Amino acid sequence: MTLRLVDLSKRFGSIRALEAVSLELPQRQTVALLGPSGCGKSTLLRLVAGLEHPDRGRIVHGEREITGLPPQKRAMGVVFQDYALFPHLDVAGNIGFSLVEQRRPAAEVRGRVAELLEVVGLAGYERRRVFELSGGQQQRVALARALAVEPSLLLLDEPLSNLDAELRQSLQLELRTLLADLGVTALYVTHDQAEAFAIAERVALMKAGRIVQLGPSDEVLARPRDAWSARFLGYRNIFGRGEVSAPGLGPGPLLLRDDLVSLTGGLPARVEAVERAGHRLRLTLVVPSWGAGLTWEGYRRELPSDPSAGDEVGLDVPASAWVELEDS
Amino acid sequence: MRDQTLAHGLGLLAVAFLAVFFLFPLAAIVARSADVEGLLAVLGNPYYWGRFGFTLAQALLSTALTVLFGLPGALLFGRYDFAGKRLLRSAFTVPFVMPTVVAAIGFLALVGPRGVLGLDLRGTLTLILLAHVFYNYPVVVRVVGSYLEATAPRLRDASAVLGATSWRTIWRIDLPLAAPALAAAAALVFVFTFTSFGVILILAPGLPTVEVEIYRLTARLLRLDAAAVLVIAQLLVVALVSRFYVVLQSRLAVAMAGSGRPLPKPRTVAKVLLALQLTFAAVLVLSPLVALTVQAFWPSGQGEPSLAGFRALAQGQRTATFTGAGAAVSNSLLFAAGTMVAAVALGFAFAYAVVRGGWRWLDEASLLPLAASAVTLGLGYLLAFPRLATSPWGLLCAHTLVAFPFVARALLPALRALPASLTEAAATLGAGSRSRLLRVELPLLRPSLTTAAAFAFAVSMGEFGATLVITRPEFATIPVAIFDRLGRPGALSYASALALAVILMAVTALAMMVLERSGASSGEL
Chain A
20 MTLRLVDLSK RFGSIRALEA VSLELPQRQT VALLGPSGCG KSTLLRLVAG
70 LEHPDRGRIV HGEREITGLP PQKRAMGVVF QDYALFPHLD VAGNIGFSLV
120 EQRRPAAEVR GRVAELLEVV GLAGYERRRV FELSGGQQQR VALARALAVE
170 PSLLLLDEPL SNLDAELRQS LQLELRTLLA DLGVTALYVT HDQAEAFAIA
220 ERVALMKAGR IVQLGPSDEV LARPRDAWSA RFLGYRNIFG RGEVSAPGLG
270 PGPLLLRDDL VSLTGGLPAR VEAVERAGHR LRLTLVVPSW GAGLTWEGYR
320 RELPSDPSAG DEVGLDVPAS AWVELEDS
Chain B
935 MRDQTLAHGL GLLAVAFLAV FFLFPLAAIV ARSADVEGLL AVLGNPYYWG
985 RFGFTLAQAL LSTALTVLFG LPGALLFGRY DFAGKRLLRS AFTVPFVMPT
1035 VVAAIGFLAL VGPRGVLGLD LRGTLTLILL AHVFYNYPVV VRVVGSYLEA
1085 TAPRLRDASA VLGATSWRTI WRIDLPLAAP ALAAAAALVF VFTFTSFGVI
1135 LILAPGLPTV EVEIYRLTAR LLRLDAAAVL VIAQLLVVAL VSRFYVVLQS
1185 RLAVAMAGSG RPLPKPRTVA KVLLALQLTF AAVLVLSPLV ALTVQAFWPS
1235 GQGEPSLAGF RALAQGQRTA TFTGAGAAVS NSLLFAAGTM VAAVALGFAF
1285 AYAVVRGGWR WLDEASLLPL AASAVTLGLG YLLAFPRLAT SPWGLLCAHT
1335 LVAFPFVARA LLPALRALPA SLTEAAATLG AGSRSRLLRV ELPLLRPSLT
1385 TAAAFAFAVS MGEFGATLVI TRPEFATIPV AIFDRLGRPG ALSYASALAL
1435 AVILMAVTAL AMMVLERSGA SSGEL
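Same order as they appear, the protein sequences are chains A and B. Under the numbering used here, think of the first position of the first sequence as 20, with each following residue one higher. Under the numbering used here, think of the first position of the second sequence as 935, with each following residue one higher.
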């Protein structure tokens, strides 16, 4: 069953959290809602979960409209940002919560809890108190709890944001594999673009209550729609209309993907400044024939010699490095 | 989440109870006060004007003294962490929970006609003030101290870094910060002392406050119309000051956010001050209770221990108007148990509607029964439900209302502090509103519910004003039985009153231990 969001709008007082957002979640795929804080992505997730109700618009699950349904009737799994584990219950009590709600027999609940703990790699943790667990373990319990009743849709609200960087990366990989293996449909809210692309097959980029770009992850990453999207995705070399002139380029705004530019070509450029960012180097370059400059980031080994300000270098800029943007 | 039907249902029940058993009796008093004869009897009588002036003066004086004595303690409390702080904090709940009658007898045992100190202060303003400072000193230290504890540490560091000495920091940071909390505490102390009843009736019956006059007009002179006029006058003053308190409270709640850094240990000068302060607090809080215990077992003038008072109690019922000790104890326990259940149910329904049902406008209503005094409530019951008032059920309702503010104020912050995401998580896991209440919210609130129950129990055990107005001898509780014995001549009556007070103190102390062990904060009061 696919989930369709049709023209959803939501205001909180004078703040427009969502404006006519439409989105379709294909089955067995993970869609990431990616955007800066305050863009409405969490509100959208809460609307889908039934924790908020839209001012306008409809939510359709398969053939059934669920717009007015309370959360407890939606059978969706939600992983909260703070995990929201029940402190008065142990791990098994948390994971089995929804099964008890469905009046399943105790033996079945026990079996299912054990099975889920196996899935998230915490076999044998049934009797632990939740506050004895590490952040990563709590996160797994929260995931297992959300999966307990085999939800038709899994909603994850910044599930990794409370963990440290290293753990976050290993869990990203694990989560992606797990979601794919289980074949669940998932909506994943995050403000971290690296995380969105690591986990989701499709990405919806959100800004100020609207979805500004939607598509397969690779495509969104490779071809941001406008200057704002490009900047949000971490690109640095963005040129407004007419700011750069080079053969074969259109007149509109442009993005130059410096990740596709190498410093071993024949286009003359001059090094303006050199910065070190950890192991990487960041060069500010000026290309006289464009009447513009660019920032390039890479490792020392990609350069013919140790760079310093004032050096002349030769660039190789393939046509694919230029992305035409829409006016925003 | 929009699903608030359950919360609103509970809220309606709570509001209905308050309307019938609180607002209606008040309305009955208002209706009764609009009586020309009653108005004339009070307004045309300079005596009552005098009593009103005296009540106001002793309340202001008590408040000023309490603030004067309490402020240094509050500053030290909010500034330092020291050995025994937890213990002291518990000791400060003593006057809060200890029944008025027990504390008042304690003062009699200390400085009464038969007192251990051999100094008779009975019937003097000094004794009234002493007892009021005893009751309210902890209010100031707790309200102001915990406010400073929560807000000031980081600011104090900043002030030190910016070059201010400790004394300058107290002057420029602590005092200005504490000002609103201090004003709130003072307002609370004023309300408590303005409506003072048990303390006056027992320690200085010759210096009656308005509250005592209301009682006399109601219970002795049967001039309910005149009593109603006095109630309205008292209520106007109290309502004004309570309103001030509520406004300050809401401001404090905003400023309370943040912090959590551990406090430093005191150094030399502070240590000395702290030691002095602790001694003062200990003497103030403990001496009447110690004197009571000592006199109950070693009656003055006798060199050796005697259990005459307890023996007199054990001899049981003698006459129809004199409640036996056994009956008083079992009455008290029954009423307290009933009050515990009823007040916690009422308080929870109320708090649930305020927090989960979004009925914020209702919040302040939980303070109303506190502002209307206990004697007022008793009079209201007599006027509104003449039959019910003198039945055990009337008494139970009155006790429930007196306990209700304490219960609601303990549960409100606890319920507010429950993370919204927990109930949301329960909902997404298939739990409907009833299930969320039973499986998530109530279990999480258990410590606070225990606190609230212990409070309700202690309040009911100690309730004096309302009970004295509406009770009949066969339903007399321990405080009433004590008062009864105090009013009779003879050393044996006095001894048995002391013995009964010791029993009441012990039962209340037990409730307090439950309070302490439950570990939850005692809330917003």
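These are calculated hints, taken from the structure and not from any lab test. Be aware that a few hints might be false.
[Said to hold, decoys possible] Computed footprint of chain A on chain B, listed as stretches where at least three residues anywhere in the stretch have a Cβ under 8 angstroms from a Cβ of chain A:
| hint | region |
| --- | --- |
| 1 | 1032 to 1042 |
| 2 | 1354 to 1361 |
[Said to hold, decoys possible] Over the 10 angstroms line for every Cβ pair with chain A, so calculated as not near, a few chain B residues:
| hint | residue |
| --- | --- |
| 3 | Asp937 |
| 4 | Arg985 |
| 5 | Arg1020 |
| 6 | Val1095 |
| 7 | Trp1101 |
| 8 | Leu1155 |
| 9 | Val1171 |
| 10 | Leu1212 |
| 11 | Asp1297 |
| 12 | Ala1365 |
| 13 | Gly1366 |
Computed from a predicted model, the values in this text were never measured in an experiment. All C-beta atoms in this analysis are idealised placements derived from N, C-alpha and C, irrespective of residue type, glycine included.
Status of each hint after checking the structure:
1. Counting residues of the region 1032 to 1042 of chain B whose C-beta sits closer than 8 angstroms to any C-beta of chain A gives 0, which falls short of three, so the coverage hint is violated.
2. With 6 residues carrying a beta carbon less than 8 angstroms from a beta carbon of chain A, the region 1354 to 1361 of chain B meets the three-residue requirement, and the given coverage holds.
3. A Cβ of chain A approaches the Cβ of aspartate 937 (chain B) within 10 angstroms, the least distance being about 5 angstroms, so the stated non-interface status is violated.
4. With 10 angstroms as the threshold on Cβ separation, the claim that arginine 985 (chain B) sits away from chain A holds: the shortest Cβ distance comes to roughly 52 angstroms.
5. Residue placement check: arginine 1020 (chain B) keeps its beta carbon more than 10 angstroms from all beta carbons of chain A (closest about 22 angstroms).
6. Listed as a non-interface residue, valine 1095 (chain B) keeps its Cβ farther than 10 angstroms from every Cβ of chain A; the least gap is roughly 31 angstroms.
7. Every CB of chain A lies more than 10 angstroms from the CB of tryptophan 1101 (chain B), the least distance being 42 angstroms, so the non-interface label holds.
8. The beta carbon of leucine 1155 (chain B) sits about 55 angstroms from the closest Cβ of chain A, which is more than 10 angstroms, so the claim that it is off the interface holds.
9. Look at valine 1171 (chain B): its CB is around 39 angstroms from the nearest CB on chain A, clear of 10 angstroms, so calling it non-interface holds up.
10. For leucine 1212 (chain B), the condition that its CB be more than 10 angstroms from all CB atoms of chain A holds, with the nearest at approximately 35 angstroms.
11. For aspartate 1297 (chain B), the condition that its CB be more than 10 angstroms from all CB atoms of chain A holds, with the nearest at approximately 21 angstroms.
12. Interface exclusion of alanine 1365 (chain B) from chain A breaks down, the closest Cβ pair being 5 angstroms apart, not more than 10 angstroms.
13. Not every Cβ of chain A is farther than 10 angstroms from the Cβ of glycine 1366 (chain B); the closest lies at roughly 5 angstroms, contradicting the non-interface assignment.
Checked against the numbered hints listed earlier, the structure breaks hints 1, 3, 12, 13; every other hint is satisfied.
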